[in-house]
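Protein chains in written order, with numbering that gives the first Met the number 0: chain X, 0 to 392; chain C, 0 to 247.
Some hints could be false.
Dumping the calculated DMTMM-like pairs for lysine to aspartate or glutamate here, alpha-carbon to alpha-carbon at most 20 Å [claimed, not checked]:
| hint | chain 1 | residue 1 | chain 2 | residue 2 |
| --- | --- | --- | --- | --- |
| 1 | X | Lys52 | X | Asp254 |
| 2 | X | Lys231 | C | Asp143 |
| 3 | C | Lys168 | C | Glu242 |
| 4 | C | Lys189 | C | Asp124 |
| 5 | X | Lys52 | C | Asp131 |
| 6 | C | Lys55 | C | Glu33 |
| 7 | X | Lys117 | X | Asp180 |
| 8 | C | Lys55 | X | Asp254 |
| 9 | X | Lys231 | C | Asp70 |
| 10 | X | Lys231 | C | Glu130 |
| 11 | X | Lys231 | C | Asp75 |
| 12 | X | Lys231 | C | Glu100 |
By construction, these hints were calculated from the structure, which means they are not laboratory data.
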Amino acid sequence: MITQWLFTHVDRRGAFVIALLVAIAVLVPLSNLLLPATSPFHIPTYLVSLIGKYLTYALLAVALDLVWGFCGILSLGHGAFFALGGYAMGMYLMRQIGPRGVYADPVLPDFMVFLNWKELPWFWHGFNHFWFAALMVVLVPGLLAFAFGWLAFRSRVTGVYLSIITQALTYALLLAFFRNDMGFGGNNGLTDFKDILGYNIQADSTRSMLFAATALFVALAVFVTSFIVRSKLGKVLVGVRDAESRMRFLGYRVDRYKLFVWTISAMMAGIAGALYVPQVGIINPSEFEPANSIEAVIWVAVGGRGTIIGPIIGAVLVNFGKTYFTAAFPEIWLFALGALFIIVTLFLPKGILGLYGSWKARWAERVARKRDGGPPPVADANSTQIPEPQAAE
Amino acid sequence: MKAQDTLLYLDGVSVSFDGFRAINNLSLVLQAGEMRAVIGPNGAGKTTMMDIITGKTRPDAGDVYFNGDIDLTRHDEAEIALLGIGRKFQKPTVFESHTVEDNLVLALAGPRSAFSALFHRQSHDEAERIEDILYTIRLNGKRDWLAANLSHGQKQWLEIGMLLAQDPKLLLVDEPVAGMTDAETAETAKLLREIARTRSVLVVEHDMHFVRELDVKVTCLHEGSVLAEGSLDFVSNDQRVIEVYLGR
Chain X
0 MITQWLFTHV
10 DRRGAFVIAL
20 LVAIAVLVPL
30 SNLLLPATSP
40 FHIPTYLVSL
50 IGKYLTYALL
60 AVALDLVWGF
70 CGILSLGHGA
80 FFALGGYAMG
90 MYLMRQIGPR
100 GVYADPVLPD
110 FMVFLNWKEL
120 PWFWHGFNHF
130 WFAALMVVLV
140 PGLLAFAFGW
150 LAFRSRVTGV
160 YLSIITQALT
170 YALLLAFFRN
180 DMGFGGNNGL
190 TDFKDILGYN
200 IQADSTRSML
210 FAATALFVAL
220 AVFVTSFIVR
230 SKLGKVLVGV
240 RDAESRMRFL
250 GYRVDRYKLF
260 VWTISAMMAG
270 IAGALYVPQV
280 GIINPSEFEP
290 ANSIEAVIWV
300 AVGGRGTIIG
310 PIIGAVLVNF
320 GKTYFTAAFP
330 EIWLFALGAL
340 FIIVTLFLPK
350 GILGLYGSWK
360 ARWAERVARK
370 RDGGPPPVAD
380 ANSTQIPEPQ
390 AAE
Chain C
0 MKAQDTLLYL
10 DGVSVSFDGF
20 RAINNLSLVL
30 QAGEMRAVIG
40 PNGAGKTTMM
50 DIITGKTRPD
60 AGDVYFNGDI
70 DLTRHDEAEI
80 ALLGIGRKFQ
90 KPTVFESHTV
100 EDNLVLALAG
110 PRSAFSALFH
120 RQSHDEAERI
130 EDILYTIRLN
140 GKRDWLAANL
150 SHGQKQWLEI
160 GMLLAQDPKL
170 LLVDEPVAGM
180 TDAETAETAK
190 LLREIARTRS
200 VLVVEHDMHF
210 VRELDVKVTC
220 LHEGSVLAEG
230 SLDFVSNDQR
240 VIEVYLGR
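Assemble the whole structure, with the sequences as input and the hints as a guide.
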């Protein structure tokens with residue numbers, strides 16, 4: 000019954016990816032923890048954390064695609080929501096250090112002692128509880144997105160203007176978090192974490208569990224995105240993407256639909272950031288760099304915007320390439336990334352999944368032509384087609 | 000005439016863009032159940048008039064009332080659409096990456112909140128309405144087609160079908176036969192007359208042949224105000240209309 004319910008809201012491809020993510024959430028920790036290091040199937044801890052990091056990027060990409068691919072809102076500042084979620088988790092991890100810091104203050108994190116602060120700022124209270132931090136991970140990015148979106152969408156800021164102010168948003172946060180007086184560790188950010196939920200954050204088992212949690216959250220995001228996209232609301236979003244003012248003349252409050260999906264997306268990005276921080280061991284203001292947000296856009300474009308699993312493929316592939324290139328040929332990575340973006344824009348406007356889709360369509364056509372005449376151009380349920388956005392009128 | 004007895008009531012409406020008076024002291028009254036054709040040269044203010052009625056443009060002066068007592072200048076596009084005014088654009092504007100059926104599903108009258116859309120399930124009633132409309136707009140064989148793959152004329156019909164699905168009291172139709180073949184034009188005139196049996200329609204059109212086929216009262220606009228109004232024969236014999244629009 001549950002599987003049946005699942006299948007009404009997720010297509011076959013989505014169900015396959017969810018199953019795959021759940022499988023690796025189980026198998027990768029098992030392989031890391033139970034198999035001897037000499038086994039060819041043993042996955043070393045560094046690799047577990049590396050793939051875990053890629054998966055947090057994949058989660059960010061899924062969130063970005065929900066607003067860009069399905070609703071046409073090109074955010075160049077989604078890294079801000081990711082970083083805010085990361086900071087919320089980082090604050091919890093800082094509070095867990097307790098008296099084990101360099102200055103051994105039982106309450107104040109090291110950087111506050113260093114700055115001669117006498118007591119904990121009000122906004123650090125509560126972060127010693129995991130549940131509170133977890134709530135803030137979704138609430139802070141969610142509220143910021145809600146306030147930002149409420150103003151922007153109500154004033155009908157769209158297209159490139161919206162992209163520019165999202166970029167300004169993340170840049171403003173970057174500058175703010177660099178300041179020591181903000182109370183978030185300034186330039187150095189938050190690091191030197193010890194435990195999460197009482198478990199040593201460096202331990203293999205903790206890292207495996209963080210990996211499993213990340214994979215499960217990506218699976219959940221795939222489900223939530225599928226649910227939204229396949230509902231009538233999803234059809235409204237695509238309508239907004241393709242002909243916004245038509246949607247308005249049909250009586251839809253376009254701004255509210257955008258606000259809904261924008262806020263959900265920011266919360267997903269916040270969760271991605273919160274899973275990222277314990278796996279890489281640090282969060283600092285550089286996560287707010289506009290370049291990070293733009294990179295996330297490239298992942299989505301490479302994988303295929305307007306598809307649910309394209310962003311996951313794009314994020315993992317591009318970051319795998321980044322890890323390889325920055326080690327092997329560090330000086331050419333940025334050129335490679337730029338070239339990738341140009342190639343995808345010029346030759347693969349629908350990304351890797353779009354390429355796969357058109358191959359499949361051509362193959363099906365060839366098979367059908369052998370059998371009989373040409374098929375009518377019926378819609379493909381997984382259609383990745385994105386026409387050029389057209390203004391009504 | 001009092002606004003109370005009318006479906007649409009425009010009185011003394013003016014609007015200018017950067018000093019250019021697009022609409023100049025325009026008055027126009029439409030009765031419930033009436034179909035009206037609006038003609039006029041380019042720049043006469045036909046589309047701007049529709050923008051004002053649908054809330055896209057706010058007039059600088061004048062009254063715009065719907066259904067007798069609803070002041071349209073106080074509402075935005077979405078609210079006006081829900082009050083019962085549907086609009087077809089000059090350029091066919093359908094959702095190209097949706098199927099014909101989904102286009103109608105989106106237009107179908109019903110709750111419009113994001114929450115209800117998220118958990119929406121199609122009822123038997125809705126399925127029947129869609130079936131009806133598909134039949135009316137002669138697209139019942141193409142329900143699974145992507146709207147992008149329809150011909151120009153079929154897109155126009157789909158858009159008219161979306162208007163029907165909205166179930167409006169008043170339809171504003173902007174140049175419905177632009178770019179259509181003669182057969183399609185005749186079919187569209189038939190379709191609009193069918194629709195006008197149950198609701199009011201305001202059609203803007205250049206094609207005089209088509210206007211003749213509609214066989215309704217005609218209003219000719221020029222430089223933002225009404226130049227002549229009456230039967231097509233009356234209007235097309237008006238000296239000023241001939242001068243500015245029909246040509247000698």
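So, going through the hints one by one against the coordinates:
1. For the hint pairing Lys52/X with Asp254/X, the CA-to-CA distance comes to about 34 Å; that exceeds 20 Å, so the pair is violated.
2. Distance restraint check for Lys231/X and Asp143/C: the Cα-Cα separation of roughly 16 Å lies within the 20 Å cut-off, and the hinted pair is therefore satisfied.
3. A hinted pair counts as satisfied when its Cα atoms are at most 20 Å apart, and Lys168/C with Glu242/C does not qualify at roughly 35 Å.
4. Restraint check: the Cα-Cα separation between Lys189/C and Asp124/C comes to about 26 Å, which exceeds 20 Å; the hinted pair is violated.
5. The suggested pairing of Lys52/X with Asp131/C is violated, with an alpha-carbon distance near 53 Å, which exceeds 20 Å.
6. At most 20 Å may separate the alpha-carbon atoms for a hinted pair to count; Lys55/C and Glu33/C exceed this at roughly 24 Å.
7. Restraint check for Lys117/X and Asp180/X: the C-alpha separation of about 13 Å stays at or below 20 Å, so the hint holds.
8. Distance check on the hinted pair: Lys55/C and Asp254/X sit about 15 Å apart at the alpha-carbon level, within 20 Å; holds.
9. Simply put, Lys231/X and Asp70/C have alpha-carbon atoms about 31 Å apart, too far for the 20 Å limit, and the pair is violated.
10. Pair hint Lys231/X plus Glu130/C holds up; C-alpha atoms about 18 Å apart against a cutoff of 20 Å.
11. Among the hinted pairs, Lys231/X with Asp75/C is inconsistent with the structure: their alpha-carbon atoms are about 23 Å apart, more than 20 Å.
12. About 12 Å separates the Cα atoms of Lys231/X and Glu100/C, which keeps this hinted pair within 20 Å; it holds.
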